[in-house]
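Q: Throw the hints in and build the complete structure from the sequences for me.
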Amino acid sequence: DGGITQSPKYLFRKEGQNVTLSCEQNLNHDAMYWYRQDPGQGLRLIYYSQIVNDFQKGDIAEGYSVSREKKESFPLTVTSAQKNPTAFYLCASRITGSNEQFFGPGTRLTVL
Amino acid sequence: GQQLNQSPQSMFIQEGEDVSMNCTSSSIFNTWLWYKQDPGEGPVLLIALYKAGELTSNGRLTAQFGITRKDSFLNISASIPSDVGIYFCSNYGGSQGNLIFGKGTKLSVKP
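Taken in sequence, the protein lines are chains A and B. Mind the numbering: the first sequence is residues 1100 to 1211 in our numbering, read in order. Mind the numbering: the second sequence is residues 1108 to 1218 in our numbering, read in order.
Worth flagging that the hints you see were computed from the coordinates, not collected in a lab. Only a predicted model underlies this, so the values are computations on that prediction, with no experimental measurement involved. Watch out, some of these pointers could steer you wrong.
Label-pair ranges, simulated between beta-carbon atoms [to be verified]: (1) A:Leu1110 <-> B:Ile1174: 41 to 47 Å; (2) B:Thr1175 <-> A:Asp1129: 29 to 35 Å; (3) B:Ala1185 <-> A:Pro1107: 23 to 29 Å; (4) B:Pro1188 <-> A:Lys1169: 36 to 42 Å; (5) B:Glu1161 <-> A:Asp1129: 22 to 28 Å; (6) A:Glu1168 <-> B:Glu1122: 31 to 37 Å; (7) B:Ser1114 <-> A:Asn1125: 34 to 40 Å; (8) B:Asn1112 <-> A:Arg1207: 23 to 29 Å; (9) A:Gly1139 <-> B:Lys1217: 20 to 26 Å; (10) B:Gly1123 <-> A:Thr1119: 43 to 49 Å; (11) B:Lys1158 <-> A:Lys1113: 49 to 55 Å.
Glycine is no exception: its CB is placed at the ideal position from the N, C-alpha and C atoms.
A: Structure representation (structure tokens):
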């Protein structure tokens, strides 16, 4: 089946630890995105990548880092510099030329 | 930056009722996207609109691209319990031309 997978579904980390969230897609989409969602809020863009080996900061990139070494994969690292990392993280992808983004199932990160 | 204002914030309705929600902005757009998010899941694209005045249906859902290009409406007819979730409007209007989202309309359906 084609789609976007995120793992794990739930993640718990101690304060001060870096953590990496996985996002994989087999849709052959060029662009990939990471969003953060807080309760009662819309989605806010963290980072995005239009092509392999290239990525750009979104609106709330501070305390996060990404890589795009393969077209299928766009992992997000939440670093210890992120002041309030507990949130629901969503990965999305889009094929070039289309306006429609498709989302993965999300990872809920809780920092204790 | 550009903002999308969704209303109402939440709705509590009886099963079988029709639902109407909207999204407005002070900016003009060429596209409107409507997503639904089930609790604990990622948003799923429901309807995409590309032309002012366009009316598009997807089953019991109907969405309209406002003629002013500054707003959009989503209607759900004969609601059922599985319609429960958060409905987001979205558009390309971020600081770098990326997708932005309204804060959502949370729908609760009482059987």
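Q: Now, for every hint given, state plainly whether the structure supports it.
A: Taking the hints in turn, this is what the structure says about them:
1. A:Leu1110 <-> B:Ile1174: 41 to 47 Å: Holds: the Cβ-Cβ distance is about 45 Å, inside 41 to 47 Å.
2. B:Thr1175 <-> A:Asp1129: 29 to 35 Å: Holds: the Cβ-Cβ distance is about 33 Å, inside 29 to 35 Å.
3. B:Ala1185 <-> A:Pro1107: 23 to 29 Å: Because 38 Å falls outside the window, the suggested range is violated.
4. B:Pro1188 <-> A:Lys1169: 36 to 42 Å: 41 Å, holds
5. B:Glu1161 <-> A:Asp1129: 22 to 28 Å: Roughly 27 Å apart at Cβ, these two residues keep to the hinted range, so it holds.
6. A:Glu1168 <-> B:Glu1122: 31 to 37 Å: Given about 49 Å between the Cβ atoms, the range is violated.
7. B:Ser1114 <-> A:Asn1125: 34 to 40 Å: Holds, since Ser1114 of chain B and Asn1125 of chain A (Cβ atoms, about 38 Å apart) stay within the stated range.
8. B:Asn1112 <-> A:Arg1207: 23 to 29 Å: Cβ of Asn1112 of chain B to Cβ of Arg1207 of chain A: about 27 Å, so the range 23 to 29 Å holds.
9. A:Gly1139 <-> B:Lys1217: 20 to 26 Å: 21 Å, holds
10. B:Gly1123 <-> A:Thr1119: 43 to 49 Å: 46 Å, holds
11. B:Lys1158 <-> A:Lys1113: 49 to 55 Å: 51 Å, holds
Consistency with the previously given hints fails for numbers 3 and 6, ordered from lowest to highest.
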